[in-house]
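Protein chains in written order, with our numbering: chain A, 1 to 241; chain B, 242 to 333.
Possibly wrong hints are sitting among the right ones.
[Claimed, not checked] When the alpha-carbon atoms are kept at most 27 angstroms apart in a straight line, the in silico DSS-like pairs for lysine-lysine are as follows:
no., chain 1, residue 1, chain 2, residue 2
1, B, Lys265, A, Lys108
2, B, Lys306, A, Lys37
3, A, Lys195, A, Lys234
4, B, Lys306, A, Lys79
5, A, Lys234, A, Lys79
6, B, Lys273, A, Lys111
7, A, Lys111, B, Lys265
8, A, Lys216, A, Lys234
9, B, Lys261, B, Lys298
10, B, Lys244, B, Lys306
11, B, Lys244, A, Lys111
12, B, Lys273, B, Lys306
13, A, Lys115, B, Lys282
14, A, Lys195, A, Lys79
15, A, Lys108, B, Lys250
16, A, Lys108, A, Lys2
17, B, Lys261, B, Lys244
18, B, Lys293, A, Lys108
19, B, Lys246, B, Lys282
20, A, Lys111, B, Lys261
21, A, Lys108, B, Lys273
22, B, Lys306, A, Lys195
23, B, Lys244, A, Lys108
24, A, Lys25, A, Lys216
25, A, Lys111, B, Lys246
26, A, Lys25, A, Lys195
None of these hints come from the bench; they were simulated from the model. None of the values given here were measured: they were computed from a predicted structure.
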Amino acid sequence: MKPRFGVVIFPGSNCDYDAYYSLRKILGFDVTFLWHKETDLKGCDAVILPGGFSYGDYLRTGAIARFSPIMNSVINFAKDGGYVMGICNGFQILLEAGLLPGVMLRNKSLKFICKDIYLSPVNRDTSFTREIEDDTIIKVPIAHGDGNYFADEETLRSLIDNNQVVFKYCSPDGIINEEFNANGSLMNIAGIINKEGNVLGMMPHPERCCDAVLGKTDGRLIFSSLANQIIRAKAVTTLAG
Amino acid sequence: MFKVKVIIKRRPSILDPQGKAVEKGAEHLGIKNINDTRIGKYIEFTVDTESKASAEKEVNEYCNKLLSNPIMEDYEFSLEPVPHSGSGREAK
C-alpha cells in the first residue's frame with residue numbers, strides 16, 4: 001500500500017508544492033492538497049502543515065491560520081491519533097493551535113535566516129525519526145524569522161521528562177551548544193513531538209532536501225520513517241481485523 | 242457601542258530582542274539614559290453592545306483567543322462609550 005499524505009494550503013503557504021513534490025515525485029507516496037476552507041481530510045493517513053507565511057503572519061505567526069476551517073478537522077484528527085507534521089510555519093500553527101506546547105519568538109539575531117543547518121535527532125524513537133541511524137547528524141535547511149523556541153520552565157521540564165524534544169541544532173559533527181544554536185531557541189530546540197507521539201513540529205524544512213538534484217537528501221529519512229510507520233500500523237490493523 | 246483600545250505587551254519574563262535592538266539605536270543616536278525598551282502592540286476597534294459588561298466579555302475573549310498569546314503576552318484595554326455610528330444614538 002501507499003501511505004496517503006494531505007498537504008494543507010493556507011493563504012500564504014509557500015512550501016506546499018515543495019512538500020507535494022517531495023512526497024509524490026521523489027518518495028512516490030499518494031498525496032493530495034487540502035484547501036484551508038475545506039473540512040474533509042480526504043482519508044489521509046498523515047497531514048502536513050507546510051511552511052510559508054499563512055495570512056501574512058499578521059498578529060503572530062500561525063495565529064490566524066489556526067482558526068481556518070480545516071484546522072478543526074486537523075485538531076480532531078490529531079486527537080484521534082492521526083499523524084500531523086508541521087514544518088516551519090506549520091510548526092508555528094501547531095503551537096498556536098495548542099497541539100504542541102510553547103511559542104516562537106523572533107530569532108535572537110532579529111534576522112530572517114535562510115541556510116543549511118545540522119540537526120541532532122536526539123529522540124530516534126519516534127514515528128518520524130526511526131529510520132535515522134544512530135549517531136547520524138542530518139543536514140536540513142532553515143528559512144525563518146521567528147524560530148526562537150520558548151516555553152516556560154514547567155513546560156520545558158515536561159518536554160524533557162517525556163522525551164519530547166526530537167531535533168536540536170548542532171555542529172556538523174553533532175556538538176550541541178550556543179555557537180550552533182541557529183536562532184536562540186531554548187536548549188537548541190529545532191523540533192518537538194507531543195506526548196502521544198503523533199504530532200511533530202519542526203522549524204527546518206525536510207521537504208527541501210529530498211531531491212538529490214538539490215544536493216542533499218536527508219529529509220527523506222523523516223518522511224520515509226513516517227510512511228513506514230503508517231504502513232506497519234495498517235498491516236497490524238488488517239491482521240487484527 | 243464602545244471604543245476599545247488594547248495594549249499587548251510581552252510578559253516581563255520573555256526576552257524582547259526587538260526592544261533590545263531598538264535600544265541600540267538610541268545608543269547610536271547618543272541618547273544615553275534609555276533602558277528597558279519593550280515593544281508591544283496597540284490595537285483599536287469598536288464593540289457594538291449595549292452594556293459595558295457584555296462588551297468587556299467579548300473583548301476579553303477576543304484578546305485571550307486571538308489578539309494575544311497568553312504564553313508570551315499580557316494585555317490590557319480601555320473601553321469608552323461612543324455614539325452609534327448609524328443612528329447617532331448615545332450608547333448606554
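Cross-check of the supplied hints:
1. Lys265/B / Lys108/A: holds, 14 angstroms
2. Lys306/B / Lys37/A: holds, 20 angstroms
3. Lys195/A / Lys234/A: Distance ~21 angstroms between Lys195/A and Lys234/A Cα, so the pair holds.
4. Lys306/B / Lys79/A: holds, 20 angstroms
5. Lys234/A / Lys79/A: With Cα atoms ~18 angstroms apart, Lys234/A and Lys79/A stay inside 27 angstroms; holds.
6. Lys273/B / Lys111/A: holds, 26 angstroms
7. Lys111/A / Lys265/B: holds, 15 angstroms
8. Lys216/A / Lys234/A: Not OK: Lys216/A and Lys234/A at ~30 angstroms, beyond 27 angstroms, violated.
9. Lys261/B / Lys298/B: violated, 35 angstroms
10. Lys244/B / Lys306/B: At roughly 20 angstroms apart (the allowed maximum being 27 angstroms), Lys306/B and Lys244/B satisfy the hint.
11. Lys244/B / Lys111/A: violated, 36 angstroms
12. Lys273/B / Lys306/B: violated, 39 angstroms
13. Lys115/A / Lys282/B: violated, 30 angstroms
14. Lys195/A / Lys79/A: Satisfied, since the Cα-Cα distance of roughly 11 angstroms is no more than 27 angstroms.
15. Lys108/A / Lys250/B: Holds, at roughly 18 angstroms.
16. Lys108/A / Lys2/A: Roughly 41 angstroms separates the two Cα atoms, so the pair is violated.
17. Lys261/B / Lys244/B: Distance of about 32 angstroms is beyond 27 angstroms: violated.
18. Lys293/B / Lys108/A: Not OK: Lys293/B and Lys108/A at ~41 angstroms, beyond 27 angstroms, violated.
19. Lys246/B / Lys282/B: Answer holds: Lys246/B to Lys282/B is near 11 angstroms, not above 27 angstroms.
20. Lys111/A / Lys261/B: Roughly 14 angstroms between the alpha carbons, so the hint for Lys111/A and Lys261/B holds.
21. Lys108/A / Lys273/B: Holds. Lys108/A to Lys273/B sits at ~24 angstroms (cutoff 27 angstroms).
22. Lys306/B / Lys195/A: Within the cut-off at roughly 24 angstroms; holds.
23. Lys244/B / Lys108/A: violated, 36 angstroms
24. Lys25/A / Lys216/A: OK: Lys25/A and Lys216/A at ~16 angstroms, within 27 angstroms.
25. Lys111/A / Lys246/B: violated, 31 angstroms
26. Lys25/A / Lys195/A: The given pair, whose Cα atoms are some 32 angstroms apart, is violated under the 27 angstroms limit.
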